[in-house]
Amino acid sequence: MIPVVSKLPQTGTTIFTVMSALANELGAINLSQGFPDYDCSPGLIELVNKAMKEGHNQYAPMAGVMALRERIAEKTEKLYGAVYNPETEITITAGGTQAIFTAISAVIHPNDEVIIFEPAFDCYAPAIKLMGGVVKSLALEPPNYRIAWDMVKRLINQKTKMIILNSPHNPTATILHKEDIDELSALVKNQDILILSDEVYEHLIYDGETHHSMARYPDLQQRSFIVASFGKPFHATGWKVGYCMAPAYLMNEFRKIHQFLVFAVNTPIQYAIAEHLKNEETYLSLADFFREKRDYFRKGLEQTRFELLPCSGSYFQSVRYRAISDEKDADFSIRVAKEFGVASIPVSAFYSKGIDHHVLRFCFAKRQETLDKAVDRLIRI
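To convert, note that position 349 of the sequence shown is 349 in the UniProt record's numbering; the numbers rise steadily by one, no gaps.
In short, the hints are calculated from the structure, not lab data. Each statement offered as a hint is correct.
EDC-like mimics (lysine to aspartate or glutamate), calculated; alpha carbons at most 20 Å apart, straight line:
hint: 1; residue 1: K129; residue 2: E113
hint: 2; residue 1: K278; residue 2: E46
hint: 3; residue 1: K178; residue 2: D219
hint: 4; residue 1: K278; residue 2: E74
Kindly generate the complete structure, drawing on both the sequences and the hints.
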């Protein structure tokens, strides 16, 4: 065998793959990986079929189908008051993860420091390391997982190149508040610090709260890559279609990488989504749709011995199990899957140092009967 020096020597298979495989092996209810068990809109599928029949089956433009970029620009201006030029400031990507990787690749050089907040979605740190960057992580704590901005200030130095934010947050279901925006704005003012804002759950926000997109704030907008996805809002995670918005000077660098990474994204689906977005209820109704699922699932979990943590956004519900067991969360999640038939994600997997607060994450983007079956099993723990 030819010796290979791994670029990610500490990285194994993602926890999502591990727990979904375990769920399949055991026949357990899979509340681990974040995908729905119900179909997307039949009308949207018809639009994809229509686009295929109309001949939209060859390469899309590298930056994406213009009709879709225009719909995104219109939607963003209406929701957040931000103007993006679809020609130069919006790019369609193969899902949110590709957009995140591309943005990091475009601007992070060896020894650049990037601040992330843990628990963090697991694609951030590997991308930074692959570019030779240095991950500076700040650990957040339950139950509220709020950012301590005084600690962030201590992490910033001349090598700080980027701050990565995620709101609504995966896995904790927390959101940024106006006071967070004020702190962030003050922190980066007069600094050459970029922002990568992961906003794939932007429409899944509850209880009358506001989504504080970086697009709302001109000073932040001008230094931000904003990443979003159509998989989450349209219940079609397998289609892997997302997008990135950024001012032209950043998007120019983004596209230099994008063109050699995937070049273009699924053409007929882009045309279909562009048509689908003409009905704004397709995304404006999502908060109520998922809030009902959240409330239903939380009501069921109240019958268990789990401690429910706050859920202000996303389609994840985290719980503490301190009253049940002292086991490590990884061990406990495997036991729950094996003995009670419900798969979850141990939140320590989202910490680089494996910090274990005895918290599990469940996905509630499921049919009511699936949630009922899961709760019935969790009650027995």
